[in-house]
Structures are given as structure tokens and as C-alpha cells.
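Residue numbers for the sequence shown follow the numbering used here, so the first one is 492 and each next one is one higher.
The set of hints was computed from the structure by calculation and includes no laboratory data. Bear in mind the structure is a predicted one, so any value in this text is a computation, not a measurement. The beta-carbon is built from N, C-alpha and C at its ideal position, and this holds for glycine as well. One should not assume that every hint holds.
As the list claims (entries may be wrong) - If you anchor each label on the Cβ, the simulated ranges turn out as follows:
#	residue 1	residue 2	range
1	A663	A537	29 to 35 Å
2	N500	I590	33 to 39 Å
3	I590	T710	40 to 46 Å
4	D696	I640	37 to 43 Å
5	P573	Q614	32 to 38 Å
6	P565	A663	35 to 41 Å
7	I640	T539	32 to 38 Å
8	N500	P711	34 to 40 Å
9	Y681	V724	18 to 24 Å
10	D696	T596	31 to 37 Å
11	A541	K670	22 to 28 Å
12	P726	K670	32 to 38 Å
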Amino acid sequence: MAAVTLRSNALNVLITGANRGIGLSLAKQFYNNGYNVIGTSRNTDAATIADLSAVAVAVVPLDVADEASISALPDRVRAYVPHLDVVVNNAGMYLQDKIGALNATDLLTQFRVNSVAPLLVAQALLPTLRASPNAAKKVVHITSRMGSIADNTSGGSYGYRASKCALNMLNASLAQDVKDVTCIALHPGYIQTRMTSGSGEMDADECARRLFKVIHEATPAQTGQFLHRDGQVLPW
């Protein structure tokens with residue numbers, strides 16, 4: 492689904508889960524900084540993607556919980572751009588849980604969406620990234636400090652914490668195996684989005700402004716790192 496006009500000679504970024512929240516704010520930041528944006532959304536009806544369509548050259552369907560949908564993503568992307576320079580794995584989920592009320596379905600669903608899906612998206616899009624003439628190719632995983640073992644002083648949120656911890660490890664392994672792409676795990680903080688019921692430290696636009704700076708300035712020396720939205724390295 493085409494939206495704004497493709498800019499010639501611009502860098503191309505794909506952002507998953509870009510129809511709302513941090514993903515939408517990131518799409519706006521990349522667009523305002525001269526990138527061609529391809530956004531994904533599980534639902535691509537006009538009302539759902541209206542805001543994203545104002546800044547994206549294309550909005551493509553993607554259900555990150557569906558491996559067939561991920562496999563179809565490269566062809567959908569190449570219908571609009573010949574290559575990508577940046578992939579931002581932003582799509583994720585949070586299910587409240589606590590000891591005494593845990594179940595395998597909710598735990599595994601969070602692993603599938605928050606851990607497995609980003610890795611499979613990165614794998615699927617590696618050839619599209621490697622087709623870029625730009626040397627500074629990047630994969631960014633939007634993670635959480637809740638996935639830090641060293642920083643866990645409050646417990647709870649078992650599925651979310653564990654799935655984000657797994658994502659951090661998967662990013663570290665990807666960075667070892669894919670030396671021609673800079674791979675970073677990036678913590679946005681506690682942000683005012685639907686996931687947090689509107690509470691948080693700052694709004695999604697301010698968060699995205701800071702995230703964009705870290706992403707845009709990331710160098711190969713930072714590959715494999717777990718970073719705060721302001722750029723500092725976080726403890727595993």
C-alpha cells in the first residue's frame with residue numbers, strides 16, 4: 492500500500508509495529524530526517540494506518556506471530572524499494588502476570604512476539620539489507636531494561652522480562668554472526684503509550700527523537716550492545 496512519494500537517493504528504513512505508539516513516532520522521526528519509511532502493521536485498514544500513511548512510502552501487512560507473514564515480508568518490501576539500510580524491530584507485547592497465576596500460553600506468546608519474531612524478521616531481511624550500497628547497515632531491536640538480569644530488583648512480569656532478556660541475547664548472537672550489519676538492542680524507557688495505559692516518563696515523540704539519534708549515530712563498534720535511549724550502555 493503506497494503512501495508518500497519515494498525520495499531518490501535517501502536511506503530506507505523498515506519499522507515493524509509502526510501504526511501507533513513508539514513505532515509511529517519513530518516513523519515520523521525517520522521521515523522528518525530524510526529517510527524513506529516502510530512501516531508494517533498487522534491490520535492495514537485505512538483507519539488503522541492513517542497516521543502512518545502520512546510519513547511512509549509504503550505500509551505493508553505483517554503479523555510477527557505468523558512465520559508465513561514474516562517470510563512474505565522481503566517480497567513486499569522490494570515492491571517499493573530495492574534495498575533497506577535500517578531495520579527497526581519495534582513490534583512487541585506485554586501481558587501482565589505474577590507468580591501463582593502464570594500459564595504457558597501467555598509466557599510462550601510473549602516469547603514468540605518479543606524474542607523469536609524479531610530474530611526471524613532480521614533473518615528474512617538480511618539479503619535486502621545486504622543489497623544496500625550503504626556500508627552502515629543496521630538492525631535495531633527495541634527491547635527493555637526489564638530484560639536486564641542485573642537491574643531486576645522488583646520481580647514480576649515474568650513473560651515480558653524473560654522475553655526481552657532473550658531478545659538481548661539473540662541480538663548479541665546476531666552481532667557475532669552478521670559482521671557486516673550493526674546490531675543493537677535499544678531500551679526506550681517507560682513511555683506514554685497504549686501499552687502503558689498512557690502513563691510514563693515522557694511521550695512517544697520525545698522518546699523517538701532520542702532513539703533516532705542513537706540509531707542514526709550507531710557505529711559498528713557498538714554492535715551487540717544493549718543501549719539506553721540516551722546512548723549509554725546498560726547492564727545485562
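Checked hints:
1. Between A663 and A537, the C-beta spacing of about 40 Å breaks the proposed range 29 to 35 Å.
2. Remark: the range hint 33 to 39 Å for N500 to I590 is contradicted by a beta-carbon distance near 54 Å.
3. Roughly 41 Å separates the CB atoms of I590 and T710, a value that falls within the hinted 40 to 46 Å.
4. Remark: the range hint 37 to 43 Å for D696 to I640 is contradicted by a beta-carbon distance near 31 Å.
5. A hinted range of 32 to 38 Å for the beta carbons of P573 and Q614 is inconsistent with their spacing of about 19 Å.
6. Checked against the hint of 35 to 41 Å, the C-beta distance between P565 and A663 comes to roughly 24 Å, which is inconsistent with it.
7. A hinted range of 32 to 38 Å for the beta carbons of I640 and T539 is consistent with their spacing of about 36 Å.
8. Evaluation of the 34 to 40 Å hint for N500 and P711 yields a failure: the beta carbon distance comes to about 23 Å.
9. The given range of 18 to 24 Å is respected by Y681 and V724, whose C-beta atoms sit roughly 19 Å from each other.
10. One distance hint, 31 to 37 Å for the beta-carbon pair D696 and T596, holds here, with the actual separation near 34 Å.
11. Taken as a hint, the range 22 to 28 Å is violated for the pair A541 and K670, whose Cβ atoms sit roughly 40 Å apart.
12. Checked against the hint of 32 to 38 Å, the pair P726 and K670 fails, with Cβ atoms roughly 25 Å apart.
When held up to the earlier numbered hints, the structure conflicts with 1, 2, 4, 5, 6, 8, 11 and 12 and fits the remainder.
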